[in-house]
Every structure is written in structure tokens, then in C-alpha cells.
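There are 2 protein chains.
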Amino acid sequence: MTATHLASSQLADAVGGSEPPADADALVAERAGRAREASRVLAATTRQDKDAALIAIGAALVANSSRIIEANAVDLRRGEENGTSASLLDRLRLDESRIAGLRGALEELAALPDPIGEVVRGQTLPNGLRLRQLRVPLGVVGVIYEARPNVTVDIAGIGLKSGNAVLLRGGSAAATTNGVLVEIIRESLTASGLPADAVQSVDDGGRAAAQSMMRAVGLIDLLVPRGGRSLIQEVVRSSRVPVVQTGEGNVHLYLDADADAARAVPIALNAKVQRPSVCNAAETLLVHAAAGETGAAVLTALFQAGVRLHADERAAALVPGVPVLPATEEDWATEYGDLDIAVRVVDSLEEALEHIRRYSTGHTEAIVTDSLASQRAFIRGVDSAAVIVNASTRFTDGGQLGLGAEVGISTQKMHARGPMGLTELTTTQWIVEGDGHVRS
Amino acid sequence: MTATHLASSQLADAVGGSEPPADADALVAERAGRAREASRVLAATTRQDKDAALIAIGAALVANSSRIIEANAVDLRRGEENGTSASLLDRLRLDESRIAGLRGALEELAALPDPIGEVVRGQTLPNGLRLRQLRVPLGVVGVIYEARPNVTVDIAGIGLKSGNAVLLRGGSAAATTNGVLVEIIRESLTASGLPADAVQSVDDGGRAAAQSMMRAVGLIDLLVPRGGRSLIQEVVRSSRVPVVQTGEGNVHLYLDADADAARAVPIALNAKVQRPSVCNAAETLLVHAAAGETGAAVLTALFQAGVRLHADERAAALVPGVPVLPATEEDWATEYGDLDIAVRVVDSLEEALEHIRRYSTGHTEAIVTDSLASQRAFIRGVDSAAVIVNASTRFTDGGQLGLGAEVGISTQKMHARGPMGLTELTTTQWIVEGDGHVRS
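Residue numbers (the numbering used here), protein chains in the order written: chain A, 1 to 440; chain B, 1 to 440.
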């Protein structure tokens, strides 16, 4: 899962606040140049060799568990000294079982088809020209991300499988762990006969390195910010390198007129409570006026699960015994990332769609209904990366949707939309073969 | 074919130079809002109805030929008075035969498959969740373009077929013609029962309207600049709306060691001379040292066709009797857009690839060879939108490659690469259907 919020101190840490010194520019340029060379080798590497390298990296991580855990202990100790919250420390922690999970993710990537070389379209034209539109790697992909060190391994793996070299800039909270992970990955690449420079960190460039990445036009093909809202906004606003905007999720769950409590309650609990900090957690509940009883059951269950309800007057009236906060305009637009939910009663599916169009960030919207007509109208009316029918919003996730790991969840329409897996790190190239053809 | 160079006066005309007044912002916002409404209708319109509308528009253009030609005469007269060159006037001119061509292009679009609703990927997951990744329209597409009025019809047609509403900002040189074309298209849309606001011009907003389009974040989903280098650079630099960079073409033609003159001469002539102003015309000729005889034949033929040769010393030595200009560093980087070509002798295919990587704008590169190994190395080594083997570079064109008309030729890697037809004006949406599924 991609986006959890950075504490503001982490944000400052991830992207810095001032102009980068020339040496960060030089460092990024130098590594991006080596990444470009490595990307040429990767682009021509067979699936067989890439998969073998992924499996070897997984084995190397497990074989070096104690080295990783020692490095991780340094980050954890520093985190504790800095008063980092228990939940952030937990996200930062790597143990034997989590390292085995990293290996498992790499093995899953190895099992997925290779996107590179896919013939996306092809035909022989009436004049005999032979056309193929081939899927090819982007080249050099930069990622600016937050503390969780498993992201380092996920992105290295997705990059390798999709034939891209990656430049990584992680948060300093995980710097020691990330440093060791990158070392192990690079050693393993070398042992597999692939260029180590396919995976490089620029963490030693300090805060300025993130700024330098954003200026590296022509050196970095795509920059993906992976983190909380402020980090993403800062990168989208500042970067001159192409960016895919990820992870901002003001996610809506709509209970249609016929929504059944037996279905709606577990979905709402899962969508809001299972992991409230992530981008695919629900932030607003819209209840059709005819589904008042189901709405009441859902609100009661959420309240009992510790969720603060920010309700409009009609929603509050559904649960007279439950304490609620009054919903304001700001609530409709807020991605809480916490155990809070905004609640509104609407008179029709159309009114729900209007609300969603106004406040959605284009990530995920879900409907609970048994009506085919409502399902169809909801799918048509929602302009978001994912539309979910009768399931939890938490399924908008590369792993859950069968893409393997993910680089992030795109909330934009250009290039990639929704979870970004292997295909989303590719572009295409037209190959035109003739026999002396000229245009008349 | 997309990009021909704007005279600098036309550039100033197309994008303006100063801040837009508030009323241009308001005009663009108001029309983009209506376009959004229209796009919702188009997104749900069946292929059958879209194709019927395309055919009806073609018929309406032919039926209104005299109205179009009268309007065109106004633009032509103004152009003559302003001293516009004969070639630009020719590009501006519409007559019965060209109007019939416009109709033909719309009918070709109608014959193409509908990209909307295509299931790009789909599966049922082990847990029973049903996934489909559907192709959907982008929504509202803005195009800022140059004088040729047929672009107005092409883009309206591609927009309609791909379910997108379009906002058009054409150059003032063709303003009267464009105005009448948009009127006829809108009348025809209404007669077909589709929203007229699917096709709107903002030409009446003056130069400021282009600037306003670039600021219309959230109102316009994609902005495509279609014209010469300065127009494109200005839009890429200034726009806060997502832009696809199009049309800059420093295109290379490489004659491999075994290149045969019988094949190389016609390809080089076609690539350079047929229409030197367009983006897929060749700008640099690279000749393998072992192909000196073929190189000499090609240079002689180009010279005889009126092409000015900007040659390095070794290339000049191939044609001792032919006057050449000395090639400078600037020549390698120049897209002449005219009867000029830079020529260099290289010692290997690898040296040609290095030259191309250094100076290419990522549009199109071609090789003339009979060697499978060279073909393979060239395709692998070139990082451009199109790689052409034994054919003219002029084939990088949406119409030629079977995409129907094109919005432009993308030279970037994100979102779309190469000629942008119907598919390139779409995005995708994940539809996830469950039966009360929650994530564990």
C-alpha cells in the first residue's frame, strides 16, 4: 500500500526546503548518467535473466538478514530518541518475517509476465510496411519516498523486472536500513551479471538530492513521489521532470437505497478502520435517504470501532444516541488519514455522484448496492482511478489487484491511472520495416 | 502531418505574450465547464451514434462548401494583404477537393474501432473479486494549433470518436475559416442529437485564451500544442495543465555499411525533399565510412534536388565536385525545416547511435541496411518514438500508420509516444466487483 502521511518533519526531510547546492546536482547527474548506461543493458536483458536476478536478490536479503536487522536497529534507536510514534516505528521495523515477505514479493514479481517486448499493436499495411508497436522501458525512474524501507526493495524489483534503472531518495528516518538494502541489492545484481547501477540511492546527497532529481530534465525519465499529500504536492509543483501524481485519496463509500446492513457494515469497517492512514481508506460515507436503517447500523458500528463521526444534520438524526461532530465544508474535502469519517445523507444516487465529483481526488469510490441500474450509473458517473462495487475500498492496491508490488497509485489520468505496476513503468516504440518504401 | 513551423508572428499570435485578462479566464472556464458536461454525454454515447455523427459532419461540410470557401477567402485575402508567403497561403486554402478530403478523413475515423469500453486487462482473482481495466475518455482536451484549418476538423473528429470534448484555439490567420468550420460541426452535432458543446472554439478569447487554457487546471484534462518548436516549448514551459509535447523532430537517416544506393537515394530524397517543413522530414544524414559510394550518390541527388549540404570534412570529401557548407556543432542540433541537411561520416553503427542519442529529439530515426544484425542493433540502440528500417522517415504519421487522423506526434515517453490517434486520447479505469469482499 502506498501513501501514508508523513509527519511534517519527515516531509521537510524528504524534499528539503532550499535550493540544492551544486554538489547535489552533480551527484544526481553523475548517478543518473550511470543509471542511463545500466538501463541500456537492462532493456536488452532477457526475462530469464531478470527473473533469476530477482530471485537471487530475495535470497541475498534473507541470507543477510542479520546485517539488515542491525542497520534497522540503528534507525529504530534514532527514531526512539527523536520521539517517533510507536506506529511509525512499527512501519520502520524489519525483522526476519518481514524480510521473508520482501523475498516473497520479489518472487511474485519474477512469476509475473515480462511487459518488455510485448507487441501492443501490429499489422502489415496495404503498402507492405510492417508495423509493430513494442513495449519498452522508460529508462531511468526516480522515486522520492517516505520511511518504510520495504519500498526500497519493492521499487528496485519493479524497476528491474520492467527494465528500468532506478534512483532512490528515501527518508532519513530509514537511511541506515535503506543504505544496507541497496548495498545488498547491488552486490546481488553484480553476482547475477547485471549492472549494479540499475539500483542506486542518492540518500548521501542529503535533502538537496530530492531537489536535484526534480531538476534532472533529460536525465530522469519519470519521477514518482510516494508519500503524504504535502510531499506529493511539493514534487508535483516543483518538478521539471515528468511526475506521476500518486496517492491522494479522498475516498467515498456510498450506500445505495437498497444497501443491506449485513454487507455494508463489514465493508465500511474494513474501508475505514483496518488501516486508516492509507490512501485507499474511506474518508466520506454517503447514505441514500432510503437506506437510513443500514446507515444507522454502519454509523453505530463505526462509532463502536472508535471512529469519530463528522455528520450532517440528517446523518446525525440516523443515530440519535451516538455523539457526532457537525460536518463542515472542510470535512467533505478532508483526507483524514485517521479514525474520522464525514457522513452525509443524500436523496439520490445522482446527488451522491455530484458530491463525489466535487470533492473526490480521483482515487477510489465504492458503492454498496444490489441494483444493476445503480451499479451501472455509479460506474459511469464516477471519474476516478477505481470504482468498487460491493467490496472494500482497500482493494485499490497493486498487490491486491494482481500487479505484484506497486510504485504508487496514480490519481492522474495521463500515462497511468490507479496502482502502478510493471506496465506503468513502460512506454512504447513504433518499429516500421519496409523494403525501400517512400511516401507518395 | 503535424508540425510545420510557425512564422514568429504566428507564434505570438497563437500563444500571446502577456498575462491573460480575467475575461479570457472566465471565457475558458465557462466553455470548459460546458465541455465537461458534454464529455459526460459523449462518454456514454455508443459507437453507432458517434460514427453516425462523424459521417453527418462530413456530409455537412460538403453541403456547406460554399460557406466554408467564402470564409476561407476572407482569411486568404487578409493573409495576402499581410504579405503571407505563398506556401503558407497554400496551407491555409480550402477548396472543394480539400473539403472532400476532410469528409474522407471523418469517414475513415468512423470506420476505425471504438477505443472506449475496451477491456484492457481483466481477470477474476482467487478471492472471487472481478476486475476489469476499461478504456475511458480523458474528458476535456484542449488543442492550441497553427494556421491549417483542416486541423480543426481532424481534432473535432478524433475527439468525438474517442468520447472527448475538445476546446480549440487556432491561429488568427485561419480564424474566419475555423469559425465557420466549428459552426457547421456544432450544427451537425445538434442535428445528430449530440451536445454541440463537445466541440468549442475559444478563438474569440483572443491571444489571452491560449494562456487561460494553460492555467485551467482541473478544467482541461490534457493540452496538446500542435505547431512549431517555439509554440510547443512555450506551452510545455508555461502550462500547469498536463501537456503532451509534440512534433519536434531532429530526425536522423543512417546509411549502414552495406546500404545500397538504389534503395538509399529514393528514401533520402523522400525523407528530405518531399515536404521539408514537417517534423518527420530528415535533418541529419549519417553515412557509414564503408558506404562512401552510396553516400556520394545520395549527396549528389540531394544537391541536385536543391538541398543545401552542411557536411563534415569526411562527408564533403565524398563529393569533391559538389559545393557544401561546413557542418558545425549547431548543425547537428538543428531542425532545419527547410531544404538543408547536416551530413556526417561515422566509422560504425555504434558511432551513429552515439550521435543520435546526443542530438535526437526522440521523434524518428531511420536506417538503410540489409544486415539483420545492424537492424537489431539500431532498433535496440535508438530511444525514439519511431524506428524505421528501409523506408522513409515520412511514415511517422498517424494517417500513414493506420491510426486515422492524429492530434499530434508525441516526442515524450509518458502517456503517449509517436502519432497520437484515438487510443492516445484515452485513460483507463479499474472496475472492481465483489460480493461484500473485505481485505484481510
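Mixed in with the good hints, there may be bad ones.
Unchecked claim - Under 7 Å between C-beta atoms, here's a sample of chain B residues computed to sit facing chain A: (1) L138; (2) T328; (3) A391; (4) R394; (5) D435.
To be verified - What follows is a set of in silico ranges between Cβ atoms, one per label pair, in the way DEER data are often shown: (6) A/G399 with B/E351: 39 to 47 Å; (7) A/T124 with B/E70: 38 to 46 Å; (8) A/G193 with B/R376: 46 to 54 Å; (9) A/E354 with B/T190: 19 to 27 Å.
Source of the hints: derived by calculation from the structure; they are not laboratory data.
Even for Gly, the Cβ is constructed at its ideal location relative to N, Cα and C.
Results of checking the hints against the structure:
1. The criterion of a C-beta within 7 Å of any C-beta in chain A is met by B/L138, whose closest approach is roughly 6 Å, and the hint holds.
2. With a cut of 7 Å, the hint placing B/T328 at the interface with chain A is violated, because the nearest CB-to-CB distance is about 22 Å.
3. The interface hint given for B/A391 holds, since its Cβ lies 3 Å from the closest Cβ of chain A, which is under the 7 Å cut-off.
4. For B/R394, the interface hint holds, since its Cβ comes within 7 Å of a Cβ in chain A; the closest pair sits about 4 Å apart.
5. Checking B/D435 against chain A: minimum C-beta separation of about 6 Å stays under 7 Å; hint holds.
6. Judged by the Cβ atoms, the range 39 to 47 Å given for A/G399 and B/E351 holds: they are separated by roughly 45 Å.
7. A/T124 and B/E70 have their C-beta atoms about 44 Å apart, which keeps the hinted 38 to 46 Å range intact.
8. A beta carbon spacing of about 21 Å between A/G193 and B/R376 contradicts the range 46 to 54 Å that was offered as a hint.
9. Between A/E354 and B/T190 the beta carbons are some 26 Å apart, a value that agrees with the proposed interval 19 to 27 Å.
The structure fails to meet hints 2, 8 from the earlier list, while all remaining hints are met.
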